[in-house]
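Undergrad: Using the sequences and the hints given, assemble the complete structure.
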Amino acid sequence: MALSKNEGGARRWIDDVLGVATLIGMVVALWLIFIYTPMELVQGAVQKVFYIHLASIWNAYLGFLIVFVVSILYLWRPSARKDRIARAWAEVGVVFTTITLVSGSIWAKPIWGTYWTWDARLTSTLILWIIYVVYLMLRGFVGDPERGRRYAAIVGIIGFIDVPIVHMSVRWWRTLHPDPIVATSEAALPASMWYTVLYCIVVFTVLALFLVRQRVHIDELRETLVDLRTTSS
Amino acid sequence: MADPGTDDVDTAVEVQGITKRYGAQAALDQVDLCLGCNERLAVLGPNGAGKTTLIAVLATLVRPSAGTLRVMGFDSADAPNEVRRRIGVVAHQTYLYEELSARENLLFYGRLYGMPDLEARVEMLLKLVDIYPRRHEQIANLSRGMQQRVALARALVHDPDVLLLDEPDTGLDQAHLDLLASLVQGRAIPARTVILTTHNLDRALELCGRVAVLAQGRLVYQAASAALDRAALRDAYHRLAGAAP
Amino acid sequence: MKLTLQQVLAIVQKDLMVEMRARDLLVLMLTFAVLSLVIFYLALDLWGPVVQRVGPGLLWMTITFAAMLGMGRTFVREYERGTLAGLLLAPIDRGALFISKLLANLIFLFIMEAVTLPMFALLFDLPVLNPAVMLATLLGTLGLAILGTMFSAMAAHSRAREALLPLLLLPTTVPIIIGAVQATSNAISGVADGPPWIGLLIAFDVIFLTLSYLLFEHAIEG
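Residue numbers (my numbering), protein chains in the order written: chain S, 5 to 237; chain E, 1236 to 1480; chain V, 40 to 261.
To be clear, the hints were calculated from the coordinates, so they are not data collected in a lab. One or more of the hints may lead you astray.
[What the hints assert, rightly or not] In silico DMTMM-like cross-links for lysine to aspartate or glutamate, where the CA-CA straight-line distance does not exceed 25 Å:
1. LYS1362(E) to GLU1333(E)
2. LYS113(S) to ASP223(S)
3. LYS1362(E) to ASP1394(E)
4. LYS1362(E) to GLU1372(E)
5. LYS1362(E) to GLU1334(E)
6. LYS86(S) to ASP20(S)
7. LYS41(V) to ASP132(V)
8. LYS86(S) to GLU150(S)
9. LYS1362(E) to ASP1404(E)
10. LYS41(V) to GLU1354(E)
11. LYS86(S) to ASP19(S)
12. LYS86(S) to ASP1264(E)
13. LYS41(V) to GLU1317(E)
14. LYS41(V) to ASP1408(E)
15. LYS52(S) to ASP123(S)
16. LYS1362(E) to ASP1313(E)
17. LYS113(S) to ASP20(S)
18. LYS86(S) to ASP84(V)
19. LYS113(S) to GLU44(S)
20. LYS86(S) to GLU44(S)
21. LYS41(V) to GLU260(V)
22. LYS41(V) to ASP1396(E)
23. LYS86(S) to ASP1394(E)
24. LYS1362(E) to ASP1408(E)
25. LYS41(V) to GLU201(V)
26. LYS1362(E) to GLU1317(E)
27. LYS41(V) to ASP1394(E)
28. LYS86(S) to GLU58(V)
29. LYS41(V) to ASP1264(E)
30. LYS113(S) to ASP123(S)
Owing to the predicted nature of the structure, the values given are computational and were not obtained by experimental measurement.
TA: Here it is in structure tokens:
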């Protein structure tokens, strides 16, 4: 499937804009995080990780929501393009879930005194991560690519519906055991911090869009290459 | 067009632009096929030509990547179960449960199709395929040829309009090859539409009114058997499929 | 509707008949269940109050793993012998096919549990043979069987066969495992309040029964 010149041109143009916007946005985000917002009195510098942490989990949930919707659309009317979009968003989701878990650990070590604790939110995020790693592995396990895409769509739907149920069960489970963590009050964040959080979420969304478009494009190129090889041999 | 499923449908199988891709490979490439009621078609082709995939698509077991299939007027995408009700399939695998006897297998499949008077029908079929004396033995204890005969009976248990036979001669001895011929040609049972695949050119010419050659997923040749002799078919096959049958 | 019911009954009856003659599935699950109870006891050196605390968890790990072993086999058996295609050729609604396979799996799992629960009560000296535990077992097993039936149909078509089943089933059934363990635990120690675990199990069962019923055709068809 060759791209027409015009289509390719429009695609390049959008990608360029997204790429530049992400770059500038990220630099501004760094300035906001490290210079504009005040230093948190109790937690100190490590609190800065919080902005990246929140924006990452936002991207992860956004990605998995899109996987869910596109999976439904795929089962309704299958197309290779829908599958590529779903897979790209799942990959972005898994990457940002990983960033969420890692940035959370970095924050937890000085604040809670441990990298990992079986807190409800941590546990359900870990399970979320596992479900979507399996989702990404699934296609490779199935011989017929069309069947693999269909199976991935099924897991994309079941997995997403499962997430709130998992979260609920883990939260109830934790209430039985005394929570080892001293809850930090998030009520009195200064306005500058909230603006920075919102700004980071927007920039990270643009970054996710950029990554997904690149990922889909690479997949398309790869498939064109395979097509060319088979027709020429 | 007449109402689907009624007796005045005159096209039994209608295939348009069926394509099945596995990744970049096309196992079937734009296959068109049209069979009238009670017509018999033999599909020839070397190994890997797509014969088994074609049967699997016609049987609704494999979803085509593109194209449409209609059986007795029913579209396989809109009314798959109506299509399934009307086709009987014999494939490489017998679809039989080894732990169950021939009779139990036929009764089970008959119930899946909701057949009335099932006991009598199963008894008739067991006699027809010459397995009646051993009807209570588990399938695992029967020879391959006997299993193949039970598989034939299984394909007929719901009295399908269309028979799809993927190399149905597997494991059959001479006497039962004659039985197969009488089933296919509608002498032992009422005539019906048949699509069968085979490697054997003689059998293709003998059993079917039409022959077709499948090569690399494409239907490259079709002709009426009456207009052909063995040498002509062999020649065409050789030229198109590029291999000796 | 009448035909669908007849088809479901035919398949369940067929599965039971095949298993009665082959017996490999139940023997496999039961041996595994008993064996893991023994191994858990030895590995964890369980005695005294520890048993009360970890017992319900061990029971559910045993049930979950034995169930996965059994459910994985049922579809691989049909797939490898080609009889799955025979079922798919029949004019049966794919949702009804799901229900048939689910029912057959449930019957096998309940038989396995009918042996495992008394065994557990005997070996671990915990009163699990009470109605509250039975209810939790019933609902938890249903949840395992629903997603187990769905995913084992997919696993049978994969290169990894049954090995894929735990990867799909374990993370998605976390609510079932937690819910069933906690409900069992509460029943044993007589705790009446706490989160509504039975409600969680019911909600999980209803949601995924509906979802699997709708999605099964995509999992099973070629």
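Undergrad: With reference to the structure, classify each hint as holding or not holding.
TA: Going through the hints against the structure:
no. : hint                     : result
1   : LYS1362(E) to GLU1333(E) : 20 Å, holds
2   : LYS113(S) to ASP223(S)   : 39 Å, violated
3   : LYS1362(E) to ASP1394(E) : 16 Å, holds
4   : LYS1362(E) to GLU1372(E) : 15 Å, holds
5   : LYS1362(E) to GLU1334(E) : 21 Å, holds
6   : LYS86(S) to ASP20(S)     : 23 Å, holds
7   : LYS41(V) to ASP132(V)    : 12 Å, holds
8   : LYS86(S) to GLU150(S)    : 12 Å, holds
9   : LYS1362(E) to ASP1404(E) : 19 Å, holds
10  : LYS41(V) to GLU1354(E)   : 19 Å, holds
11  : LYS86(S) to ASP19(S)     : 19 Å, holds
12  : LYS86(S) to ASP1264(E)   : 23 Å, holds
13  : LYS41(V) to GLU1317(E)   : 17 Å, holds
14  : LYS41(V) to ASP1408(E)   : 42 Å, violated
15  : LYS52(S) to ASP123(S)    : 21 Å, holds
16  : LYS1362(E) to ASP1313(E) : 37 Å, violated
17  : LYS113(S) to ASP20(S)    : 39 Å, violated
18  : LYS86(S) to ASP84(V)     : 52 Å, violated
19  : LYS113(S) to GLU44(S)    : 17 Å, holds
20  : LYS86(S) to GLU44(S)     : 44 Å, violated
21  : LYS41(V) to GLU260(V)    : 24 Å, holds
22  : LYS41(V) to ASP1396(E)   : 24 Å, holds
23  : LYS86(S) to ASP1394(E)   : 41 Å, violated
24  : LYS1362(E) to ASP1408(E) : 17 Å, holds
25  : LYS41(V) to GLU201(V)    : 34 Å, violated
26  : LYS1362(E) to GLU1317(E) : 28 Å, violated
27  : LYS41(V) to ASP1394(E)   : 20 Å, holds
28  : LYS86(S) to GLU58(V)     : 42 Å, violated
29  : LYS41(V) to ASP1264(E)   : 41 Å, violated
30  : LYS113(S) to ASP123(S)   : 14 Å, holds
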